[in-house]
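Engineer: Those protein sequence lines, which keep their order, are chains A and B. For the first sequence, this note's numbering gives the first residue as 19, with consecutive numbering after it. For the second sequence, this note's numbering gives the first residue as 19, with consecutive numbering after it.
Calculated from the structure, these hints are not laboratory results. Misleading hints may appear alongside valid ones.
Because identical chains cannot be distinguished in the list, a pair is counted as satisfied if it fits within a single copy or across any two copies.
DMTMM-like mimics (lysine to aspartate or glutamate), calculated; alpha carbons at most 25 angstroms apart, straight line [unchecked claim]:
#1 Lys204 - Asp288
#2 Lys485 - Asp404
#3 Lys485 - Asp457
#4 Lys61 - Glu395
#5 Lys58 - Glu376
#6 Lys402 - Glu42
#7 Lys204 - Glu281
Protein chains: 2
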Amino acid sequence: MLPRLAKSSLIQQVRGVSAIANAEPSGPSISTSIPGPKSKALKQEMDKVHQTTSVRFHVDYEKSFGNYVVDADGNALLDVYTQISSLPLGYNHPDLVKVASQPHLITSLVSRPALGSFPRTDFADGISHALTSIAPKGLKAVQTMLCGTSANENAIKTAFIWYQAQRRGGLGPDALHLESCMNQQKPGTPNLSVMGFEGAFHGRSLCMLSVTRSKPIHKVDIPAFDWPIAKFPRYKYPLDQNVAYNKKQDQECLADVEAKISEWKRRDNDVAAIIVEPIQAEGGDHYGSPAFFQGLRDITSKHGIVFIVDEVQTGGGATGDIWAHDHWNLSSPPDMVTFSKKLLTGGYFYGEHLRVKEAYRIYNTWMGDPTKLLLLEKAVEVIKRDGLIEQSREVGAEFQKRLGELQASSGGKLDQARGRGTFAAVDFPSGSLRDKFVDLAISNGLHCGGCGDRSLRFRPSLVYTKKHLDLTFDLLDKTLKGL
Amino acid sequence: MLPRLAKSSLIQQVRGVSAIANAEPSGPSISTSIPGPKSKALKQEMDKVHQTTSVRFHVDYEKSFGNYVVDADGNALLDVYTQISSLPLGYNHPDLVKVASQPHLITSLVSRPALGSFPRTDFADGISHALTSIAPKGLKAVQTMLCGTSANENAIKTAFIWYQAQRRGGLGPDALHLESCMNQQKPGTPNLSVMGFEGAFHGRSLCMLSVTRSKPIHKVDIPAFDWPIAKFPRYKYPLDQNVAYNKKQDQECLADVEAKISEWKRRDNDVAAIIVEPIQAEGGDHYGSPAFFQGLRDITSKHGIVFIVDEVQTGGGATGDIWAHDHWNLSSPPDMVTFSKKLLTGGYFYGEHLRVKEAYRIYNTWMGDPTKLLLLEKAVEVIKRDGLIEQSREVGAEFQKRLGELQASSGGKLDQARGRGTFAAVDFPSGSLRDKFVDLAISNGLHCGGCGDRSLRFRPSLVYTKKHLDLTFDLLDKTLKGL
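Isolated chain A, as found in the complex (with noise of 0.2 angstroms):
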């Protein structure tokens, strides 16, 4: 392995006194409404050149630090929320802005390889730090990708070309597939099928929502592949009064899953994957208990089956574990656990039987971003070093003890109280009460978003505290007052 270039202190020092905030404010300060006039006058500008429908606020991201984002007005919110769950470390974290001062991550930046044919020398030992090194139980090896969906994408792909070299008992294809597939004939392009599940999201493509169930508005008027979709539980809360009842859920469930598997083999369109979250996130934070995903890795098992857990939102820490599945004490590994968002970059882990042996099969320009992978590295390193999984795990187990107990004295307000870490949601009797509590939370300062039809969900990043849990629920019990 050849050396790092050294970094330049004096870098570092002459960036430690740049214009990027260094320093968390003790709370939120809020002097406009949000959006406020600056941030309105910049989604004026920017919709003379790009789509604004979902422009909530501009951000001044050289302002905002730690958990705090401080928008174009100067506001600073207390952000539970963070980019969609997509910050590791919250914003301008010192050690990552370290890290871009770097030769290495510079030529990164500016001299992007083609990595799959022309590789960085310091590829693999990157990928090593970044990503074996957090590898789920039994799945040592990685692919990188652009995004979540796009790791979906190559996840499905591969789990596609190892089903049809086990139908030709373990062959890569023969000359009668390669030549097929240029005209879509069998058996070249095949009819297979993915299954997703009810409430399900795993990106936007064509491909990703033909097996996504979580909105109307991301579906409605695109093209679908015809595949099967399963009922994903719906448990009720809290878990211990409600035992019976959910564990019906469960076998439902399984159930459905391998009715369908059948139902799709008679119609000839072979399920070759399953496709499903720990926790289905934009659908609504939806959970599935250790049993019912044990039962979804025997049928896979049994039918030979690739069995893809879609880590996007969960992986990373959040919930107390580095992956979520990772509580399930499964009786083997899932065959391949997708990532990418906290992760900084998009992914998947796969087991070795997955290994596509022919060259350009999986492969395109860039397959990944080595800037995302070294800052990953380095993110990878202060979360073991800070311990900051044993701290969201700590500091869920009070945030989760906070929701129900706020829960209980919403006067029926919120329901349905759930979480893992502090990845946690809790339920609104409508979609619309639901969303002007988000607006009213913003107000007052506290960033939160949505999830499904009326949820709201906390994604902090992991460097949240109990400080900031503390006055996490001084604003959340403020905002249910004044709602």
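For chain A, the structure is supplied; the task is to place chain B on it using the hints.
Structural biologist: Chain B only, in chain A's frame:
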């Protein structure tokens, strides 16, 4: 608009003496076989954690500069392949290295926005300088995405959304559409298709593979949408000696387009969009004439079909125009133009009629990467300042002339020399001979690459000058003689 934070000249000064190369060698220097012993050792390391089937050699990106790529073993090659045509200004361009020092780039890197909801204060400014300033005639609105594939996917989604709105008299989705799409039933999930062309390459997601016909290994074992593929012209060269033959190609291909539009309409699977490359690059550098593309524009206008030009490989100036479709002189602009690679960020320009009115329909967490936009802003400034498109046109004219002469003197080894600007190709009698030539050229210090079944392609960056051209043809001549 808020002012950008000032650059620190001290940072730049420090950076200038760092370990990043800042000058080109006078010519190639080769001291080992390629891949050499260090590249081979790195590949072995990499293979433990990541697929390596397509890896040619490892690159020392800190030592690479301008038109020269330096491999792990210290070999310096003149690079006319440039990371599969994705470097606009070669390696480690000093102006881009400077941008990497700026606080707004660093915060973009370490505090990445969910830019559809919380954009940076300088986002509209960056869009205007980086993209609007080079917008294709008639298309001012733009959407950034992460890569060429996601650009094409979202362009196609936009086309579907528009096509369905037209069917509803310009209206958004109603309750029936919203409800039915969750079960993937009509009318919410329509039967709609996209037309591609024989030899096309638009990316490797399942949707894009359905309109891709580059090579069997890209498509085999992957399920696909049943979408129409029309014939694409296959011209004979030189063009001025094959006018009648080539004109007939255009006519036959356009008739095929018309016939397949009708056929898919009869099958209740309307063609909502046609996607086409100006030059089919991965498929083997196949060109269409201005008359062919004018015919496509006329047909799509007549049928109310969205006309998408995929400039992922051609966009950015190497053809002697910023957009390869600039010289078609269409009666009206394309409806959409997609881009990536040399433009550093993915994305697409679109006509205002295609702007999606409802929020969260064209959306995802990141929707691009602001670091790439900031780099592109500087790259566009350099391209204009240094007259690099004009340079590509001039050097390109000489390149075409010399390639024709090389072919004439090749004793039948080369055929079909063709190109625009420095974007050029030539054919070998077989794929195996082409592959042998590429290997030998690399060992002689010229990094070129293949495309299609038996073509050699040239993809220098925009900093390629007459001096590099002379060296290129010396090396081509030497390699051809050694073949």
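Engineer: The structure should be examined with respect to each hint, and the outcome stated for every one.
Structural biologist: A quick look at each hint next to the structure:
Taking identical chains as interchangeable, the C-alpha atoms of Lys204 and Asp288 lie at most 25 angstroms apart whether they share a chain (14 angstroms) or sit on different chains (23 angstroms). In this homomeric assembly, Lys485 and Asp404 come within 25 angstroms of each other (Cα to Cα) only inside a single copy, at 17 angstroms, whereas the closest approach across copies is 54 angstroms. Only within a single protomer do Lys485 and Asp457 lie at most 25 angstroms apart by alpha-carbon distance; the minimum there is 23 angstroms, versus 61 angstroms between protomers. In this assembly of identical chains, Lys61 and Glu395 lie within 25 angstroms of each other by CA distance solely across copies; the values are 20 angstroms between and 35 angstroms within a copy.
Proximity of Lys58 to Glu376 under the C-alpha cut-off of 25 angstroms is restricted to the inter-copy arrangement: shortest distance 19 angstroms between copies versus 52 angstroms within a copy. In this assembly of identical chains, the alpha carbons of Lys402 and Glu42 lie at most 25 angstroms apart only when taken from the same copy (22 angstroms versus 42 angstroms across copies). In this homomeric assembly, Lys204 and Glu281 come within 25 angstroms of each other (Cα to Cα) both inside a single copy, at 20 angstroms, and across copies, at 21 angstroms.
Checked against the numbered hints given earlier, the structure satisfies every one of them.
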